[in-house]
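Work out the full structure: start from the sequences and follow the hints.
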Amino acid sequence: MADHLDAPGLTSPMSDPRTDITDVYAFRKPGDSSKSILVLNVNPLAPALAPFFNSEAIYTINVDTDGDAIADRSFRIRFSEVEDGAQTATVHLAKGALAARLNDGGPAVIAGAPASFGSQPHITTRGEYRFFAGLRSDPFFFDLLGFINNLTFTGSDFFADKNVFGIVLEVPNSALGTSPTRLWGRTVLSKNGTLVRDDRMARAAINTVFNHGEDKNIFNSIDPDQDLTAVTAEGKTFVQSFRDSLTALGGDPNLATVLLPDLLDYDFLKPSGYLNGRRLQDDVIDISLNLVTNGGLKTDGVGPHTDYLADFPYLGQPH
Amino acid sequence: MKTIDRRDFLKMAGAGSVVVVAGVAMPVAGYFGWTNKDILRFRAVAGMPKAPLPEYASYVIEGQVDLHARTGQLAKSIHAGAPDAMSGVVFPGTARTVRVTDVQQSGNHVLITGELGEQSNLLPGESPNFSIRVDRSTGLAHADFLGSEVVMRLDK
Chain A
801 MADHLDAPGL
811 TSPMSDPRTD
821 ITDVYAFRKP
831 GDSSKSILVL
841 NVNPLAPALA
851 PFFNSEAIYT
861 INVDTDGDAI
871 ADRSFRIRFS
881 EVEDGAQTAT
891 VHLAKGALAA
901 RLNDGGPAVI
911 AGAPASFGSQ
921 PHITTRGEYR
931 FFAGLRSDPF
941 FFDLLGFINN
951 LTFTGSDFFA
961 DKNVFGIVLE
971 VPNSALGTSP
981 TRLWGRTVLS
991 KNGTLVRDDR
1001 MARAAINTVF
1011 NHGEDKNIFN
1021 SIDPDQDLTA
1031 VTAEGKTFVQ
1041 SFRDSLTALG
1051 GDPNLATVLL
1061 PDLLDYDFLK
1071 PSGYLNGRRL
1081 QDDVIDISLN
1091 LVTNGGLKTD
1101 GVGPHTDYLA
1111 DFPYLGQPH
Chain B
17 MKTIDRRDFL
27 KMAGAGSVVV
37 VAGVAMPVAG
47 YFGWTNKDIL
57 RFRAVAGMPK
67 APLPEYASYV
77 IEGQVDLHAR
87 TGQLAKSIHA
97 GAPDAMSGVV
107 FPGTARTVRV
117 TDVQQSGNHV
127 LITGELGEQS
137 NLLPGESPNF
147 SIRVDRSTGL
157 AHADFLGSEV
167 VMRLDK
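Line by line, the protein sequences give chains A and B. Counting from 801, one number per residue, gives the positions in the first sequence under our numbering. Counting from 17, one number per residue, gives the positions in the second sequence under our numbering.
No lab work stands behind these hints, which were simulated from the structure alone. Where hints are given, some of them may not hold.
[Stated by the list, open to error] 25 Å max Cα-Cα, derived DSS-like pairs, lysine-lysine:
1) B:172 <-> A:1036
2) A:895 <-> A:1098
3) B:172 <-> B:53
4) B:172 <-> B:66
5) A:829 <-> A:1070
6) A:1098 <-> B:53
This is the structure we're talking about:
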């Protein structure tokens, strides 16, 4: 899976599906290269595990503009408490030192945006920003049962009928700072008044494939700038752990320092497509399979869904 | 917000779009043994996929057979989580009942054959026919998993 249920036992980090990141996407707005579309999907199998967003969490899309794997810009989304089955969202844009912290701050670029829990998307526009949050079709595609069957793929798309909670932002490229950028999604929970790191994701299938057991939790609890030095539960570095996994899979162990730190490169001055950003239709699994097996495995036989929308919010209608 | 549990998924089973639990009420708990000289009950588990990939799921076959009557009922399913961290969540469309059609015993080996109770939505590579070979001496069992043979561990 991309990042769905990436805690041990195929569960949500901190047992909270509301803040369990499933995928992160970033691509130039179709038809307008002066803007970018940022997508942070959460809540795998929605709404089965959770019917609403977490009103005590911060959902963030972080942007590193100077190559140190620390956020220089951060879009921070908070949701109101549920009232009569409804929630609204506020999006703040933090910059500089403020962006590197966990707590929210910075000016609001979107406020009072209603979340959508039905089939019709409520879209909020303010200035150059557009925003959507709510139930949508999960755009991810993968033969999960083929993966479980020791990479014996049959082309059966496990996610064809699944939903997620999508958070979609249309932003002017200027809001991302200078290009190229590196992005990642992060969810933050409030525990006893303290903000704690919950889940994070940049590229697809990093934590889910390369980390085992408790290492999944450790990986989620650190930030990308620690990826090269942090250690696993066994005491080896994540880099060495990734090297070992790549070797076992027949891949090039030197890819470990390409995969880490886990950041999604995105140069908004160039056409989008994995690994420059990620579009909904990009076959990240095929690309990853090729990469980590050194061409030994080329495809899971599953292609993009057909329900993506041509316009904002791009995510298909929920099933 | 809910955490994943069997009850939640049972509720959603009708929608067919979400992970469902094995809606199969098994008459026995998961362990291996004899209730009398004729009744063998067992639970066989295999982590999937195999190393170097992380085990995401557990393939489970459980139930009991009557060696004398050569009948019985089994269930098979794919649970989320590795065997040492298995959850109650079952991947959608993977829960099956098995109607035992024959049981053959030879020494420590028991060969159980049968047919799936639900054959309208077979997974790719899944046979409507079923067999599992239980080896009491090694504590292992051999069964088919979507067209591939897997070695399963018998729960004590």
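Against which earlier hints does the structure fall short, listed by number upward? 1, 2 and 6
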